[in-house]
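Line order of the protein sequences matches chains A, B, C and D.
So the first sequence is numbered by my numbering: it starts at 1 and just counts up by one.
So the second sequence is numbered by my numbering: it starts at 1 and just counts up by one.
So the third sequence is numbered by my numbering: it starts at 1 and just counts up by one.
So the fourth sequence is numbered by my numbering: it starts at 1 and just counts up by one.
Just so you know, these hints were derived from the structure itself, not from any lab.
Hints may be right or wrong, so weigh each one.
Because identical chains cannot be distinguished in the list, a pair is counted as satisfied if it fits within a single copy or across any two copies.
Simulated crosslink set (DSBU-like; lysine-lysine; CA at most 30 Å straight-line) [to be verified]: (1) 134 - 88; (2) 88 - 63; (3) 144 - 134; (4) 144 - 88; (5) 134 - 63; (6) 144 - 63.
Protein chains: 4
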Amino acid sequence: MASHYTTTRRVEFRDTDTAGIMHFSAYFTYMEQAEHEFLRDLGLSVHLRDDEGVISWPRASAKCDYLGAARFEDVFQIHVSVARLGEKSVTFRFRFTRDDTQLALGSITAVCCRLDPSGGPPRSIPIPTAIAQKLGQFVTAEGKRATEATDDSGPSS
Amino acid sequence: MASHYTTTRRVEFRDTDTAGIMHFSAYFTYMEQAEHEFLRDLGLSVHLRDDEGVISWPRASAKCDYLGAARFEDVFQIHVSVARLGEKSVTFRFRFTRDDTQLALGSITAVCCRLDPSGGPPRSIPIPTAIAQKLGQFVTAEGKRATEATDDSGPSS
Amino acid sequence: MASHYTTTRRVEFRDTDTAGIMHFSAYFTYMEQAEHEFLRDLGLSVHLRDDEGVISWPRASAKCDYLGAARFEDVFQIHVSVARLGEKSVTFRFRFTRDDTQLALGSITAVCCRLDPSGGPPRSIPIPTAIAQKLGQFVTAEGKRATEATDDSGPSS
Amino acid sequence: MASHYTTTRRVEFRDTDTAGIMHFSAYFTYMEQAEHEFLRDLGLSVHLRDDEGVISWPRASAKCDYLGAARFEDVFQIHVSVARLGEKSVTFRFRFTRDDTQLALGSITAVCCRLDPSGGPPRSIPIPTAIAQKLGQFVTAEGKRATEATDDSGPSS
Numbered sequence: 001m002a003s004h005y006t007t008t009r010r011v012e013f014r015d016t017d018t019a020g021i022m023h024f025s026a027y028f029t030y031m032e033q034a035e036h037e038f039l040r041d042l043g044l045s046v047h048l049r050d051d052e053g054v055i056s057w058p059r060a061s062a063k064c065d066y067l068g069a070a071r072f073e074d075v076f077q078i079h080v081s082v083a084r085l086g087e088k089s090v091t092f093r094f095r096f097t098r099d100d101t102q103l104a105l106g107s108i109t110a111v112c113c114r115l116d117p118s119g120g121p122p123r124s125i126p127i128p129t130a131i132a133q134k135l136g137q138f139v140t141a142e143g144k145r146a147t148e149a150t151d152d153s154g155p156s157s
Numbered sequence: 001m002a003s004h005y006t007t008t009r010r011v012e013f014r015d016t017d018t019a020g021i022m023h024f025s026a027y028f029t030y031m032e033q034a035e036h037e038f039l040r041d042l043g044l045s046v047h048l049r050d051d052e053g054v055i056s057w058p059r060a061s062a063k064c065d066y067l068g069a070a071r072f073e074d075v076f077q078i079h080v081s082v083a084r085l086g087e088k089s090v091t092f093r094f095r096f097t098r099d100d101t102q103l104a105l106g107s108i109t110a111v112c113c114r115l116d117p118s119g120g121p122p123r124s125i126p127i128p129t130a131i132a133q134k135l136g137q138f139v140t141a142e143g144k145r146a147t148e149a150t151d152d153s154g155p156s157s
Numbered sequence: 001m002a003s004h005y006t007t008t009r010r011v012e013f014r015d016t017d018t019a020g021i022m023h024f025s026a027y028f029t030y031m032e033q034a035e036h037e038f039l040r041d042l043g044l045s046v047h048l049r050d051d052e053g054v055i056s057w058p059r060a061s062a063k064c065d066y067l068g069a070a071r072f073e074d075v076f077q078i079h080v081s082v083a084r085l086g087e088k089s090v091t092f093r094f095r096f097t098r099d100d101t102q103l104a105l106g107s108i109t110a111v112c113c114r115l116d117p118s119g120g121p122p123r124s125i126p127i128p129t130a131i132a133q134k135l136g137q138f139v140t141a142e143g144k145r146a147t148e149a150t151d152d153s154g155p156s157s
Numbered sequence: 001m002a003s004h005y006t007t008t009r010r011v012e013f014r015d016t017d018t019a020g021i022m023h024f025s026a027y028f029t030y031m032e033q034a035e036h037e038f039l040r041d042l043g044l045s046v047h048l049r050d051d052e053g054v055i056s057w058p059r060a061s062a063k064c065d066y067l068g069a070a071r072f073e074d075v076f077q078i079h080v081s082v083a084r085l086g087e088k089s090v091t092f093r094f095r096f097t098r099d100d101t102q103l104a105l106g107s108i109t110a111v112c113c114r115l116d117p118s119g120g121p122p123r124s125i126p127i128p129t130a131i132a133q134k135l136g137q138f139v140t141a142e143g144k145r146a147t148e149a150t151d152d153s154g155p156s157s
């Protein structure tokens, strides 16, 4: 049974542009805010410090389809679900709505990585079991089929 | 014969994050900067004021695949081409490179719209011929085939 | 009797930098968010549309003193008061705290202006009485003395 | 004999707002870009890695007075000088101009600090001699008098 997490935001002045609407790039920072709020709600963080250093989640891809325009001070909802849960990566899906209007549909694929404290590139690792179990509860029905049908497409370490 | 436009940027401190790399959302603002610089190079602007008001280019979609990580003060190139030229919309493609490394591949689909000065929603219009001709020179070979095979998928007015 | 308005924010990932702390420029956007939330709480908006067009509040100055560092996911408070209420301008004061730690002290001076729909420069106007009365309740004791001692230093129209 | 460094920028779409002008917070990121470009021009960086770790320059204060409005695609200059050079801190001054119009006057006071790799607070240190000598060439006449008259007001370690 799929579930999702919903949060609310308001269009801030800094995120509008001279065309009078919320700038398309701002949807990506709002997606990330919603993802992080969702992870916190699960007792997780996107930037975990453990004995071996830091686990972070660099992005493999991000996309957004824009269906409507939002203006200064508009209140909107962001609905977060898990579209796909791989061995090393997860794809979050984000639906932006204002009342009954769909504003945008986006997604972010993040790869579970251990950061190199000496500045080398992040190294992908399997998602720790405790995290995978929590995220697993939010995989959508489509996501379950996609996950079964494919191998993990995250970047190789 | 396809052509493309190249510009150079440097990772600014504001665009890095606590993981030590350029934030994924910054690629979208750099794509837009490259798009606008490309349009200026063609003698165009993304925000044209004419007798009837303002023609602008709201986005129908944007996406980015991340292939590498960029750090503070890294210099990188953005290569812009036209992946698809429709009747009312255009898809720009952006390739980010640092030396011989590919950092990211992105795209933005923008819809030619007339803005409503009284605050109503933007209304899509056919791309003016003078603009379409200039952009047409930068359509890639794949873009030419895609353009011939499909109708315009831009949002209806 | 002075009063103030308090709101709460959390350090978002996009607002951190490669030094691991919230970027200094982000305090200014948080100040603005707090100002606008305060104005909404008073039943006002920073961008009011009336019969003659739009009243907006361009900034005459902004400053911030940084007393501490905030990190990703830190929760902090912003306390808003009115340091000075002039005929055409208002100075908001912002105190950032995390628990009992002061993080920053900032201020923004905004000038009440009518926007020119044809793209000319904003023109300063006296703050409408209904707005001045509401803001007047939040003038600090120091602000009251400053207001009595000086003329309005806002830009002339 | 005072000297200064000048760089050129253009108002990007993302930095405009629904009032049609460059957002006041964007001046601070442009100041920082100009500061970093100035430091690179001197062979320095704001984020130096040496044997003992990283030297960075957290900000003690930042301010900006706005004298004009800049619009999308306006080209402007930023003139950087050193208003004050202390033992542990430096104050950069920034003058924004568009043709002969002054747009803004800003300043940033940065404190020379060694970052704690284990996440503790930055610790202020005397500015290394090689850096102080290079910055010293750009101190304005007013800055020289201010520097002689005062002790370093940077935060104590």
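Comparing the hints with the structure gives:
no.	hint	in the structure
1	134 - 88	within (15 Å within a copy, 44 Å between copies)
2	88 - 63	both (19 Å within a copy, 21 Å between copies)
3	144 - 134	within (15 Å within a copy, 45 Å between copies)
4	144 - 88	within (16 Å within a copy, 37 Å between copies)
5	134 - 63	both (24 Å within a copy, 27 Å between copies)
6	144 - 63	both (20 Å within a copy, 23 Å between copies)
Of the numbered hints stated above, none is contradicted by the structure.
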